[in-house]
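S.K.: Each chain, written out:
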Amino acid sequence: MNELAPLARASPAPATPAPAPALPPPRGPGLRLPFRLAWRQLRHEPARLAAALSGVVFATLLIFMQIGFMNALFDSAVLVQNSLRADLFLMHRTTEALWRSTSFPRARLAQALALPEVERVVPLYVANVPWKNPETGLNRTLLLFGVDPTAKLLGFHGLDEAAWQAITRPDTILFDERGKPEFGPIRSLLAQGPFFGELNRKRVEVVGTFGLGATFSSESNAIASEATFWRIAAGRNPSQVDVGAIVLKPGADVVAAKRALQALLPDDVMVFTRPELAQFERDYWANVAPIGFIFGLGVAIGLVVGCVIVYQILFSDISRHLGEYATLKAMGYTNGYLARVVMSAALILAVLGFMPGLVLSLGLYEIATAQIFIPLHMTIPRAAFVFALIFVMCVVSGLIAIRKLRDADPADMFR
Amino acid sequence: MNAVEIRGLSHRYGSGPTALTVLHDLDLTIPSGEVVLLTGPSGSGKTTLLTLIGALRAVQTGSCRVLGTELANADERTRVALRRRIGFIFQHHNLLGFLTARENVAMALELDPDLDEAERLARAEAMLRAVGLADKVDAYPAVLSGGQRQRVAIARALVHEPGLILADEPTAALDSKTGHETMVLLQRLAKERGRTVFIVTHDPRIHDIADRIVAMEDGRLVEPAPH
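Line by line, the protein sequences give chains A and B. For the first sequence, this note's numbering gives the first residue as 1, with consecutive numbering after it. For the second sequence, this note's numbering gives the first residue as 416, with consecutive numbering after it.
One side only, chain B facing chain A, incomplete, derived with CB under 8 Å:
id : residue
1  : Val-495
2  : Ala-523
3  : Glu-525
4  : Leu-526
Facing chain B, from chain A, some residues (calculated, C-beta under 8 Å):
id : residue
5  : Gln-41
6  : Thr-327
7  : Ala-411
Simulated from the structure, these hints should not be mistaken for laboratory data. Quick reminder that beta carbons are idealized off the backbone N, C-alpha and C, glycines included.
Chain A extracted, bound-state conformation:
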């Protein structure tokens, strides 16, 4: 250090002796003050705040709808699996999905009966067969289930005792009233009295309805007794079943029974619990149909749009106030402090935009469920997941916008 001779000039009352050279390191104030600064900045221009929020609301809405529809489709894909009233299920090793199952020997079910936990076994047969629209005469393929009516294996909507009783008569079927309208006005035809149709060019009487609806694999569905099924699905061998449903004795350990069955049965069949069966079907559709991809793309677009809007707002807030930010830096505010201001703004936008987005989505879910028969359910995990996405979206926007802070050079304030 240079030795300095202080200028011997009259300096009136130097009341502030300069503090000691040892400087305390700049202590960062917590998060509260940057947060408050961000909020004051946002609320000062309500119109800009509204514009930013509308972007977040839009992204929230878009993501909720995409995820809602995607899950509704997946749910519909496993509607059948979720309606089966049994504990364990057998399917052939090469079966990929219910509608295109490979059948396996019925003997496997008899073998399963050897397990003491097993109470009873129910074979389920499925076939894709053409139904002739009674009004237009056009053929359309539906999925026909063949099952013992007394087993009550299927738990579809509207399947009551009377319906099961009705199809114990030969050549009768129950028809899916929620199927596509192209199959004909089944319900009104049925209301007019006994009603006969043509299934796989065999004459059958429709004696009742149930509600399942179109899924990925079928546009409509029908149920018949085993005997009727074999007559309609010509060429199907009664000794070859598609799904073997196993009902365990009350109190039996499902997982242990599954393991016992796997050990007991030959390798040509797979054993599933009911959740596993549904997951198996879901996985098939997730892989075969690009559903996840399509809706994932929708979610990504929502996020990108939201990101761009939030980034634009944050970036222009920084750009327009570059002088003020530089001033704050000159005053001793650190880059970190100002970055916290920007991130606080991002988080405020995330929270304030998500709330109305959630409310609007709930409304749209209601409408979708009531008006277009696609059941959309708002769940807490889903809301939490979407909030996490929106949160990350705003954080990313903030992180990109923060780079602009570097342009706020306090030395530029002096020119």
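Keeping the supplied structure of chain A fixed, place chain B upon it in accordance with the hints.
M.R.: Only chain B this time, still in chain A's reference frame:
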């Protein structure tokens, strides 16, 4: 005690053959409590000197000691810490448009973790009263006149009791009467509180507030006789 001690300070922009040396081997001492004006033509290096003293630019050659802190080879952390002990007044007021006058002034105190909100606001209000804006504490900058804004900026530069106040053309955006009044106010407040003030200005009408006037030409100091 000197607020600023500069020895052999040189500064240049760029490197190699295109480098432009703007400060040549400067020596300058500003004793505590003085009001010093720096004048000189554009491009003479005044602003560069101001940014070096204000710890806004890294010192390249020589020694620059401000409020006891040596800025040669000082890291960003040291410079930020020093800046908190300096009050800055800019050519434009640079107040935050979304904060009231009081909140703007309190911003200079928010970096002090030992103060609570009530204390910050009370001190900010007292400072605004001192600059004659007692009735404008809750006004936003947009509704203030140019002179009032610059007075808020002065309050902000003084409220945290800085050892040194640096001002860059503080009257440039004001008419001559307001400019002079504002600078007289700054000088009075600084003298009352024993603050050191260093003002870069073109404005000859405010020379009367200075204890000393330093002139600069082509990156070299010329120290004229006291005013």
